[in-house]
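Undergrad: Chains as they are written, first to last, in our numbering: chain A, 49 to 263; chain B, 49 to 263; chain C, 971 to 1242.
Since the hints were made in silico from the structure, they are not lab data.
Everything numeric in this text was worked out from a predicted model, so none of it was measured.
Honestly, I wouldn't trust all of these hints.
In silico DSSO-like cross-links for lysine-lysine, where the CA-CA straight-line distance does not exceed 27 Å [as the list claims (entries may be wrong)]: (1) B:85 with B:107; (2) A:163 with A:85; (3) C:1223 with C:1241; (4) C:1130 with B:163; (5) A:107 with A:85; (6) C:1223 with C:1238; (7) A:85 with A:206; (8) A:107 with A:203; (9) C:1142 with B:163; (10) B:203 with C:1134; (11) B:163 with C:1134; (12) C:1023 with C:1067; (13) A:85 with A:203; (14) C:1142 with B:203; (15) B:206 with C:1241; (16) C:1047 with C:1067; (17) C:1142 with B:206.
Spelled out, the chains give:
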Amino acid sequence: MSAPDDIVRAVEAAVFASEQPMTAEQISAHLEGADVKDALARLQDDYAERGIHLVQRGKSWHFETAPDLAHLLRREREQVRRLSRAATEVLAIIAYQEPVSRAEIEAIRGVQTAKGTLDVLMEAGWVRVAGRREVPGRPVIYATTPDFLAHFGLKTRKELPGIDELRAAGLLDPVDDEMVELALSASSQDAEQNQAPACEPEAPSDGTPPDGSAE
Amino acid sequence: MSAPDDIVRAVEAAVFASEQPMTAEQISAHLEGADVKDALARLQDDYAERGIHLVQRGKSWHFETAPDLAHLLRREREQVRRLSRAATEVLAIIAYQEPVSRAEIEAIRGVQTAKGTLDVLMEAGWVRVAGRREVPGRPVIYATTPDFLAHFGLKTRKELPGIDELRAAGLLDPVDDEMVELALSASSQDAEQNQAPACEPEAPSDGTPPDGSAE
Amino acid sequence: MSTDLLAGASEGSAFEAWDGPAAAAGDDAALYLEIDGWEGPLDLLLDLARRQKVDLRQISILELVDQYLTYVEQAEKMCLELAADYLVMAAWLAYLKSALLLPREEQEDPGPEELALRLQMRLQRLGAMRESAARLMGRDRLGRDVFARGAPEGLRIDRKNAWKCEWYDLVKAYGDVKQRADPVVHIVHERMVMTLDSALSRVSSMLGVTLDWMELRDFLPSSHEGDWADPRLRRSALASSFVAALELARIGKAEIAQEEIFGPLRLKALKS
């Protein structure tokens, strides 16, 4: 391995010192417009077998410890926030199918999404509002953030585990409206007679409306 | 350079991820008691020519930017800004009548001078504190700097045009026709005796009372 | 596909295939807790489908429907309170089952096979997302498995001002300041006037020597005498003489007459 040249050293120092991941453009701007592409490739290579790696997450670059050393470095006090099952599912749905509306998320999960669930994901910095869908009601749609990619060690969403297989199986196709309505299609009139509780209700039902309510 | 072994990689990652410099003992404790001395020496060597160095301060180890690249951490970017009207006036007063105190400047301008205005002129390197006036209160007095002369392409302050030259060059916009007419008619007979030599900045041509008048 | 779905119906009894929540039957609380653990009927359906221990694409929808309906029945028998959406799903599944078993001709569009297929797709999709979520959470995560630099120096760009000012602006600014600061000079010119006193004595003495009417202007000094050519002085003299005439009329020493508005003003001494 030859000694790194000045540009390589400068890029190395800049990325190393930065408190935030930086895009190639940001690095270049910091280095007075130097071309940093080759240097980044060279550095990624230099560090490939070391205890720290230069990684690209989305468009941004940063150094992080090699994943195989996790068992040595894991620290209790830095435990990542534990997400509820609902939140992890919602996150996965947004990640694999972005951008999606709340109604679409609910159609897939078959239940309403508690107000706080999306808030938790947005507070973690993994999910953002990505505009509105241009359909009646103009629902807000959600997508993942660069922080999401960084946190889960993904260069792009294409690296999401199993995404190709899911797509090939048609499981990532847009959620059709009929699916949202499915559970309701035959039930509206039957519901009355079936709903008669066989027992005295001791506590109010949890009030979760049927699937169709997700619209 | 051979690929680093596991101990070297683990020490590298541990020092990198730590928020504090760590002693060899602390690193070792982190890595289940492994002997880290050789690894630290090896790492120091590996990084010797890179943009980041492994350094020992006291007994503790940490990574830092290579000293020759330290300038990258704190870049200065110049931003060309135009002097405000107020600052230009203050600069002109200092240039023509130096040394002057702030109170004198204010007396001449007829308005208070914001604290920042003089700061800007000093930041620009055009004005300096030239001591204190030996009057009650010992106010700070200001004068121009060699940089001031250089910026305006002057050899000496005497090259600044006198007030009559300005008037002759049409640089004095009549503020109020009547007032000027009045002033002119009133002064016609007195002008001779009041007119100071045009090219003597120390006693400016317009007959403004000399230093101290403002107090 | 539809034959597969229907074929599945013959496989074993629904109850045996199901060792799930209801297996804990007899203990109402246990079942109730299980219901609590499901996030809605779709979740329950997916759980039941998984218990068939086949690929979700191979599940028997009829079997699944039976299992679900059995479950709901049991819950009702045990006087457990089921959320409305579980019952809605039960009704719909009952409808789906009967449609699947009906002769083909009487079926509407979309046909029951199509509906079954969609339900199966839904379960697959939920299953896939659930699995993906688990795989995602199991990745090497920043801050848990891999770490960014603990104490980065931080990059900073300090903006420095390069101040700019032109020679012209400087010099002009000085001119402006001086202009503003020039003391405003108020000069009152000495103006020649005829005072009221002198007009009074002049008019009264002239009235003494004439007995006839005299025009006011005739009391003024001749314009040939010294400064009296100055129109400003003449205006002053006229004004003062007029006031003097009024004063003389007031104290009864003179009489004033004017034939028309703005006409000549005439003056005559009054014999006392």
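Undergrad: Of the numbered hints stated previously, which ones are contradicted by the structure, given in increasing order?
TA: 2 and 15
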